[in-house]
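Same order as they appear, the protein sequences are chains A and B. Under numbering that gives the first Met the number 0, the first residue of the first sequence is numbered 0, with each subsequent residue one higher. Under numbering that gives the first Met the number 0, the first residue of the second sequence is numbered 0, with each subsequent residue one higher.
Hint data in this document are derived by calculation from the structure and do not stem from the laboratory. Keep in mind that a hint or two might mislead.
[What the hints assert, rightly or not] Okay, the calculated bits of chain A under chain B, using three or more residues with CB under 8 Å as the criterion:
| # | segment |
| --- | --- |
| 1 | 12-22 |
| 2 | 31-39 |
| 3 | 49-62 |
| 4 | 76-82 |
None of the values given here were measured: they were computed from a predicted structure. We put the beta carbon where it would ideally sit given N, CA and C, even for glycine.
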Amino acid sequence: MAPADLALILTAAACLALRLAGVWLAGGLTTDHPVIAWATAVAQATLAAFVTLAIVAPAGALAEVPLAARLAGLAVGVAACLAMRRRLLPALVAGLAAMLVVRAML
Amino acid sequence: MTSNAFLPGLREALGAPGIAMAATFLAFGAAVQEAGLSPGWAVLACWGIYGMPGQLVLVQAAGAGWTGGVGIAVLGAVAVNARFLPMAVSITPVLSARSRWRLLPAVPFIAVTPWAAAMRALPAVDRPDRVPWFLGFGLTSWMVAGFASLAGFHLAGALGPEARAGLLFVNPLYYALLLAADLDRPAPRRAVLCGAAAAALAWLLPASVALLAAGLVGGTAAFLIGRRHGAG
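With the sequences and hints as input, model every part of the structure.
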């Protein structure tokens with residue numbers, strides 16, 4: 000089996016198991032149980048690390064966009080998100096536009 | 000159990016959060032094309048995993064030629080999607096099905112977008128209608144996700160490098176915004192800041208294990224700091 004297919008099957012099975020485990024545990028555990036709190040923290044930290052690496056040190060076509068343009072897109076997007084009471088779609092458009100504008104200027 | 004709440008759930012899935020989610024799957028399709036994988040893989044990843052950060056971790060590992068092995072990539076993808084467990088714990092009482100077996104069809108749709116929409120909308124929906132509503136929402140966004148990734152795959156081949164870079168920026172930006180929207184609560188703020196700081200491990204460790212290590216170190220540090228502060 001190709002590595003990509005094997006990775007897909009294993010990840011899909013593990014993600015389904017996580018969801019089933021959550022439904023099964025729901026009667027006995029609350030969301031502030033230490034195990035649940037730890038799993039939540041690890042997931043959020045992994046996502047934060049992923050986003051940091053994808054913006055600071057990306058691979059492929061995104062690596063050809065200057066770092067300043069990527070950071071400008073991030074800053075404008077986050078500012079727009081917080082200013083517009085967490086509406087994701089307009090903030091996404093604003094951040095993307097900022098990235099493209101700064102890249103065009105550099 | 001009635002099924003007349005299926006359609007309101009379906010309609011809700013085609014609103015603004017659904018459009019933002021579709022944009023991330025469009026961008027995912029472009030990333031799959033860039034990594035040299037097939038369009039069929041893109042669709043099956045969406046429908047099988049249905050958790051974008053984990054899908055992106057696999058695509059990145061594929062782009063790097065699986066240098067650290069499949070096992071490390073899968074562990075990284077599962078860690079970044081580990082929030083499915085707490086999400087399932089918190090949504091189960093809200094869905095209020097009479098038995099857990101009735102929840103089984105809904106289980107694959109427990110993911111960020113349906114979860115957030117359901118936690119917001121379901122308290123106002125009659126209890127017997129909640130599972131059908133969630134199925135309507137989940138199934139619709141799941142279908143949209145698969146087809147959007149397919150469209151993104153083919154679109155990326157037709158776009159120039161400039162536009163493609165813009166499309167590839169959608170996902171990191173979208174997830175940065177999701178995390179930023181959580182920064183006013185202490186527990187997510189600690190996890191996000193510790194995770195971002197632990198990303199520096201990428202300078203010490205091979206790229207294949209850096210993400211997993213950063214998530215485990217950053218998340219565990221955030222958890223321990225939170226326990227010491229005694230706050231949630």
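A quick look at each hint next to the structure:
1. 12-22: holds (count 9)
2. 31-39: holds (count 7)
3. 49-62: Three-residue rule met by the segment 49-62 of chain A, so holds; n is 13.
4. 76-82: holds (count 4)
The structure is consistent with each of the numbered hints, conforming to all of them.
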